[in-house]
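Peer 1: Kindly produce the complete structure, drawing on both the sequences and the hints.
For the protein sequence lines, the chains are A and B, in the order given. Numbered per the working numbering, the first sequence spans residues 1 to 251. Numbered per the working numbering, the second sequence spans residues 1 to 251.
If you're looking for bench data, these hints aren't it; they were derived computationally from the structure. All figures in this text were calculated on a predicted structure; none of them were measured in a lab. Some clues are possibly wrong.
The list cannot tell twin chains apart, which means a pair is met if one copy fits it or any two copies do.
What the hints assert, rightly or not - In silico DSBU-like cross-links for lysine-lysine, where the CA-CA straight-line distance does not exceed 35 Å: (1) Lys78 x Lys151; (2) Lys7 x Lys95; (3) Lys78 x Lys7; (4) Lys4 x Lys202; (5) Lys7 x Lys193; (6) Lys64 x Lys99; (7) Lys64 x Lys95.
2 protein chains.
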Amino acid sequence: MSGKEQKLELAFTPLLFRHDALSAPYVVVLIDILRATTSICTAFAHGVEAMIPVASLEEARHYKEWGYIIAAEREGIKPDFADLGNSAFHFMKPKLRGKTIVYSTTNGTQAFSVVGYTIDVVIGAFVNLSTLTKWLIEDGRNIYLLCAGWKGNFNLEDTVFAGALAASLMQSSQIIIQSDAVMASIDLWNLAKNNLAEYLLKTEHSQRLKRLGLDDVIPYSLTFDTCPVVPVARNGMIRLATQTNHEHFYD
Amino acid sequence: MSGKEQKLELAFTPLLFRHDALSAPYVVVLIDILRATTSICTAFAHGVEAMIPVASLEEARHYKEWGYIIAAEREGIKPDFADLGNSAFHFMKPKLRGKTIVYSTTNGTQAFSVVGYTIDVVIGAFVNLSTLTKWLIEDGRNIYLLCAGWKGNFNLEDTVFAGALAASLMQSSQIIIQSDAVMASIDLWNLAKNNLAEYLLKTEHSQRLKRLGLDDVIPYSLTFDTCPVVPVARNGMIRLATQTNHEHFYD
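Peer 2: Have a look at this one:
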């Protein structure tokens, strides 16, 4: 425990992310429940060594030429040249243990570019909620929740998870909330939590995945704590967080 | 009644406004409860003839030289050269009857610039909720709710009003909602509506106005239907809407 106050802020979409919203040092929590951050947690929980998030399919294609395993998706669909799509189920394969995967998605990985490379981005999803909460409180930095949204727009599933995480963090008395966005997310979480699947069934993205026949992963994406990992992106590479990763933030 | 379907969309802040979110023709509803849109409705309900929204204080100062009455505010404070501030109470004066007022505020009037001059912008607030609902349904165009927010950020009071208006519009079976933002706003409105003042007391902006000693206008801003008017901005000028204003949208 750092013993310090920790402020909490929330951007509903990358467009609303502001570098001056919180004083440094702060850590960003990237949220893309359907499906990137759920998939990243799943990959690390199943032994993947590292992931390289890339914004464009062109970059992903270059990495393919260099021999990397490529996971990619646009509008829910895997491009031909990719080895894996964007479903969490694709990242559970034993042959991926110890491997580095290059990953590009419609919304999730593009959010990294607004944050930049100098700020740690940890990966949040229902599947790692408790482990992430504990890690963030131990870490002690201010916390900026960043919802990937859908093509720049607000979406409910990411916002409801942001509220779940905010509510969970409030177990610690060092968490300070002065943000309307955080308050709204907690209220929406409280409305949704007793029947999460039904609440989120109405969302635009659930309906979109259903139309595409890709909604098989939704129940898994809404399960709690199946992946007790905290992946963190630092210098363009996602790895498992360790205590020593953030040691220098304590005086 | 137009008999057509009307789609409803919501941007939590001007940054999230997208010209392609709804098919034309659509009308924008500008929402800045504390305080611009409440003040504009109040001004028209008290006999003001027209208002000219301007984004910058420099523009407002030019109009001052040309002899106009100026209402302006930055961070809640009236600049020295302005005749009126931003409180709804300033617009209730009999001497303003029949006058044209130039108006510039921190958030409200700046939102006009993202919409542009070719789209009708109607003014929404709790004080004109019922009249506005009736007008929008009669009008028949798609409806884009635009919250002014606070310096580009999400705020709860504008969002809760957006939810109130969306819920009110749903009285009409021609209203179609497929937007996560609209759904979230309705959920927040349903949480807030039974004790609106208390719910909104926690917001950042209420706290800010309180610190500035400007919170006297909050109870008035949360009263329903005290101003049965629909002001509409068209070609850079706000006037009272009339039936003939939108007659050409009917075939």
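Peer 1: Each of the hints needs a verdict: does it hold here or not?
Peer 2: Do the hints match the structure? See the list:
| no. | hint | result |
| --- | --- | --- |
| 1 | Lys78 x Lys151 | within (17 Å within a copy, 39 Å between copies) |
| 2 | Lys7 x Lys95 | neither (41 Å within a copy, 48 Å between copies) |
| 3 | Lys78 x Lys7 | between (38 Å within a copy, 31 Å between copies) |
| 4 | Lys4 x Lys202 | between (39 Å within a copy, 23 Å between copies) |
| 5 | Lys7 x Lys193 | both (24 Å within a copy, 28 Å between copies) |
| 6 | Lys64 x Lys99 | within (14 Å within a copy, 68 Å between copies) |
| 7 | Lys64 x Lys95 | within (17 Å within a copy, 73 Å between copies) |
Hint check: a violation occurs at hint 2 only; the rest are consistent with the structure.
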